[in-house]
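Asks: Put the complex together from the two separate chains, hints included.
Chain by chain, the residues:
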Amino acid sequence: MTKRFWNEYQKEIADDHFFYERSCIRQTFFPGSEAAFLRIMRDVLHKDIYDEENAHTCTGIGYHSDFVPLETTMTVVARLFSLMKEKGYTNYVPSCVTSFGIFSEMIDMWQHDPELLEKTRENLRKATGREFEMPTNLAHPSDIIYKFREELKQHMKYQLVNRFTGKPLRVVEHVGCHYAKIFPERGIGNAEFPYVLAGMIESWGGEVVDYPERRHCCGFGFRHYLLQENRGYSVANSKKKFESMEPYEPDFIVSNCPGCSMFMDKWQYTIAEMENKTYDRDGYGIPVLTYEEMAGLLLGFDPWELGLQIHQVQSEKLMDKIGIKYDPDAKYRGVNGKILPQPEKPHVLKQ
Amino acid sequence: MGNLYNLLMQDSRASEALKACMNCGICTAICPAAEFFDYDPRQICDTVQRKDENAIEALLRSETIWSCGQCLSCKARCPRGNAPGEIILILRKHAQALGYLNDHIREQQRRMASAQGRNILETGYCVHPDLVNPAQHPEQGPIWEWYVNNIMDVAPKLGANYHGEGPGALREIHQKNLEEIRRIYEVTGGMDLHQKLLEE
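Quick mapping for you: the protein sequence lines, in order, are chains A and B.
Last residue of the first sequence? That's 1365 in the numbering used here, and every number before it is there in order.
Last residue of the second sequence? That's 234 in the numbering used here, and every number before it is there in order.
So that you can see chain B by itself, here it is in the shape it has in the complex (with noise of 0.2 Å):
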């Protein structure tokens, strides 16, 4: 048995994703992603599961596992109780790891780590209306515009307490609370992963 096989049933949610694929299709048949990009779910289970080095290191090289939307379907739908967006996150986990993105991946994680990451790291949450910025968001239509330039007069209208003290949506939060995150980061591997994609 090769190691890339063996290091993807190291993790600690492999035993759960990958029990035994029959290869149904049915997670592909209802695979939103599926629906969209040349993707399916059904061929990564069984390229797993087969065990071929050479095929789990294509696989691992590919773009196609970065098709997942992550709604999960598939782990309701499968009837051996597989999940193919579990075995995604694990492939994609190691992809990083191993240095296996290509130049459009690689780009793109930096530039969530450098948006949504930091976000996390310095208001506490991945999402925060500040950092929604109506001109990159033009799907959100006129009224996000609306909302952002006056929401200093709306945010407590709807009962949110907006960068102030105390609880609250869009509260400010604590230096304490942050530093506690910044720690959990640097003892859990989330800082050097976080580092590692804005270098790239």
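With the rest of the complex left out, here is chain A (with noise of 0.2 Å):
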């Protein structure tokens, strides 16, 4: 019998009453996926969760450029968690994964030095007046996703299934570095054998594709992309996973981290622009998406109020093979049905 290592870390997800705070880049690229999940929540699985208006970022991508200081940090991390307390919330969902990175270590830290946990009540006290509790449960939203992903099927108008050929589609799954490689316990799943992401795929029908970088990162690389003169770092990742999933001609690629989600869609733009080479046969690349929009789609959510049309790989091929109807008329049309522009086309990713 096959070992399920995966099996052997689990952890604990809180069932309800939801604390959520949203993510610098996900809100700048992805907001769709950040609606869908409280969709998902409120509407699906009638869940409570709190979205926080007086929140704001970790300053995690700061924190790893190295120009935000740790005690900084942490103190920004305390005054997110003092918002939670304030609203009568103990369970914390951070949108982002790299702020699900930070959240653990300050816990850790705070668990490990109470010393400086008291430092850091302090240091809040005296730049804000605050208070704050560590939260009882810290999961990501792709956790919660994961914990209700059967449930969720029971909701789900479409399948991970090609209804051509009627085999289950071939998914690349990419989770984000910050989810477990920093805290292995906290994911589940471990850093090694993540399941976060195949658990969904597998139980919506797909077949979770294993190729030899999949651990490998985006190549995000904080200082590296926000320098222009560093992104070669970027994309030279990105490049070195799409070679190594390529032969295995995967339908699409899903993450569920913010950067890894916008760079694995957008590299394979710049390296159609620079070499003229697509990671599909057929020259459209392969669609990327956040796991709130894979399951939104399975639900029967408007791909065009998911955000599918600001990815730049185009995700009508994907919703065909899959049977998902949509209206091609209503791409590129804004709120309540205004024409807009149509976008430029790239030179060489076809759309």
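Check the hints yourself; a few may be wrong.
[What the hints assert, rightly or not] Simulated pairs of lysine to any residue, SDA-like, Cα-Cα distance not exceeding 20 Å: (1) A/1254 - B/63; (2) A/1133 - B/226; (3) A/1359 - B/171; (4) A/1133 - B/225; (5) A/1101 - B/201; (6) A/1335 - A/1123; (7) A/1359 - B/180; (8) A/1253 - B/70; (9) B/210 - A/1143; (10) A/1140 - B/212; (11) B/127 - B/93; (12) B/210 - A/1100; (13) A/1352 - B/196; (14) B/85 - B/96; (15) A/1352 - B/187; (16) A/1140 - B/213; (17) A/1253 - B/63; (18) A/1352 - B/179; (19) A/1359 - B/201; (20) A/1133 - B/179; (21) A/1345 - B/185; (22) B/127 - A/1123; (23) A/1364 - A/1298; (24) A/1254 - B/64; (25) A/1359 - B/173; (26) B/53 - A/1122; (27) A/1331 - A/1314.
These aren't lab readings, by the way, just hints derived from the structure by calculation.
Remember, it's a predicted structure, so these values are computed and weren't measured experimentally.
Replies: Here it is, written out as structure tokens:
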């Protein structure tokens, strides 16, 4: 019998009453995914989830790029936890994987060093007059979707199955590094066998592609992407992954990390422009979805409300394979149906 | 024992970051930065744990510590539970504090403080679509330019509350929240570092 290593690494995920905090990168590039997560939680799973308007960045990008010191990040995190306390919640849900890593790290440091915890309390009090408590449960939204994947399946209109062949879709799952590489015990399936996305794919009818560079970083690199001259690092790492997955002919990529989802989409455009190369057979690229976009599509959400039109690799061929109904005419319309100008087409990547 | 090694080890992250490196090199083998740059996390761990003050000072003054991409793959794989990526954060912190940055790295740090550092203090977030200028981000492709040019019409369709009151993606952050972030920066050293990086 096959040993299921991921089974040995499970975590406790709260059942209801969540405090949601938005992400810098996701609100910029994937606002439709954050909206879909809240819709799934409220309208499909009927959970209580609070969307905090007074929240802000965790400063994680600045911390890992060395322009925000540890003590500042720690106290900013404490302020976010104080907002949760103020609203009467104890289950914290950060939209971002880097935030999830930052919160895990700060909690770990406070738990190991009570003096540091006290110092942070003093700093927060001095700066804002606020008090905070650590959450009793910290879960990434992908953990929550994973937890309720079978319940969600009951509501889904579609499966991850190719309607032309009847075979499961072949899906590359990319788990953000800071989900489980910093604290493996806090991720479902550990860092080596993360099952958080694979579990969704398998439950919803798809097949996970196991390729050599499955665990390699997308290449964000924090300062390396922020500094224009260092972006070669970023694209080179994604390219390594694309080359490794190409022979397996994946139908799409799904990720739980804000940066990874954006980079693996945009770097396919960049590589196509630079090297006239795409990683699918037909020149359209491999669509990259967030896990909310994947779940939302299967639940029958409108793809243009999920935001698939603001990806550079387009998803119509994938939707056709699944049999998802969509209105092509609505793709480049704004709110209230306003007709907008068409975006310029890339030179290489077919749209 | 010299001063620099002690300084590094006083950091609250140090005891978890560097326990005892046995020089196996797994961190270097799986490191995305080691593959792309002339960078070797194994050597960095070894240099620090040897406690050779001259070697540590050379490391602090070097560009190599700025190669790490902070994916922390090294932490997951190290059989001794070290975290070379965390050691890098400690080294970079002190390189900045001691004024050891060369002109190139100093200019890079100034640019990030001036862009994403300012974003935090002015918008409450590190990234915001108003600040991701398509001209400076050709890799974002024509779709990004389309989104930015039509954001008033597209963002609401995606459920965002662009510059609106109340909750939601891209909402306007209240001044009271920005003021509290600013006070946290002042109390915890964030503002000193921000100003220092901008002035250098």
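Asks: Confirm or reject each hint.
Replies: How the hints compare with the structure:
1. As the CA atoms of residue 1254 of chain A and residue 63 of chain B are separated by approximately 15 Å, the hinted pair is consistent with the 20 Å bound.
2. Between residue 1133 of chain A and residue 226 of chain B the alpha-carbon distance is near 19 Å, which keeps this suggested pair within the 20 Å criterion.
3. The suggested pairing of residue 1359 of chain A with residue 171 of chain B holds, with an alpha-carbon distance near 16 Å, which does not exceed 20 Å.
4. For a cut-off of 20 Å, the pair hint linking residue 1133 of chain A to residue 225 of chain B stands: about 18 Å separates their Cα positions.
5. A hinted pair counts as satisfied when its Cα atoms are at most 20 Å apart, and residue 1101 of chain A with residue 201 of chain B qualifies at roughly 14 Å.
6. The straight-line distance between the Cα atoms of residue 1335 of chain A and residue 1123 of chain A is roughly 47 Å, outside the 20 Å bound, and the hint therefore fails.
7. For a cut-off of 20 Å, the pair hint linking residue 1359 of chain A to residue 180 of chain B stands: about 10 Å separates their Cα positions.
8. With a C-alpha separation of about 12 Å, the suggested pairing of residue 1253 of chain A with residue 70 of chain B holds against the 20 Å cut-off.
9. Between the alpha carbons of residue 210 of chain B and residue 1143 of chain A the distance comes to roughly 13 Å, so the proposed pair stays at or under 20 Å and holds.
10. With a C-alpha separation of about 16 Å, the suggested pair residue 1140 of chain A and residue 212 of chain B falls inside the 20 Å cut-off, and the hint holds.
11. Taking the CA atoms of residue 127 of chain B and residue 93 of chain B, the gap is near 13 Å; set against the 20 Å cutoff, the hint holds.
12. Between residue 210 of chain B and residue 1100 of chain A, the direct Cα distance comes to roughly 16 Å. Compliance with the 20 Å bound is thereby established for this hinted pair.
13. Restraint check: the Cα-Cα separation between residue 1352 of chain A and residue 196 of chain B comes to about 17 Å, which is no more than 20 Å; the hinted pair holds.
14. About 17 Å separates the Cα atoms of residue 85 of chain B and residue 96 of chain B, which keeps this hinted pair within 20 Å; it holds.
15. Note on residue 1352 of chain A and residue 187 of chain B: the hinted pairing holds, with a Cα-Cα distance of about 8 Å set against a maximum of 20 Å.
16. This hinted pair checks out: residue 1140 of chain A and residue 213 of chain B have alpha carbons roughly 13 Å apart, not beyond 20 Å.
17. The suggested pairing of residue 1253 of chain A with residue 63 of chain B holds, with an alpha-carbon distance near 18 Å, which does not exceed 20 Å.
18. About 18 Å separates the Cα atoms of residue 1352 of chain A and residue 179 of chain B, which keeps this hinted pair within 20 Å; it holds.
19. For the given pair, residue 1359 of chain A sits about 34 Å from residue 201 of chain B by alpha-carbon distance, which is inconsistent with the 20 Å threshold.
20. Of the pairs offered as hints, the one joining residue 1133 of chain A and residue 179 of chain B is violated, with about 45 Å between alpha carbons and a cut-off of 20 Å exceeded.
21. Proximity of residue 1345 of chain A to residue 185 of chain B is assessed by CA-CA distance (about 14 Å); at most 20 Å being required, the pair is judged to hold.
22. The straight-line distance between the Cα atoms of residue 127 of chain B and residue 1123 of chain A is roughly 18 Å, inside the 20 Å bound, and the hint therefore holds.
23. For the suggested pair residue 1364 of chain A and residue 1298 of chain A, the alpha carbons sit about 5 Å apart, so the restraint of at most 20 Å is met.
24. Straight-line distance between C-alpha atoms of residue 1254 of chain A and residue 64 of chain B comes to about 13 Å, which keeps the hinted pair within the 20 Å bound.
25. Among the hinted pairs, residue 1359 of chain A with residue 173 of chain B is consistent with the structure: their alpha-carbon atoms are about 14 Å apart, no more than 20 Å.
26. A C-alpha spacing of about 17 Å is found between residue 53 of chain B and residue 1122 of chain A, which places the hinted pair at or below 20 Å, so the restraint holds.
27. Taking the CA atoms of residue 1331 of chain A and residue 1314 of chain A, the gap is near 16 Å; set against the 20 Å cutoff, the hint holds.
Consistency note: the structure conflicts with the earlier hints numbered 6, 19 and 20.
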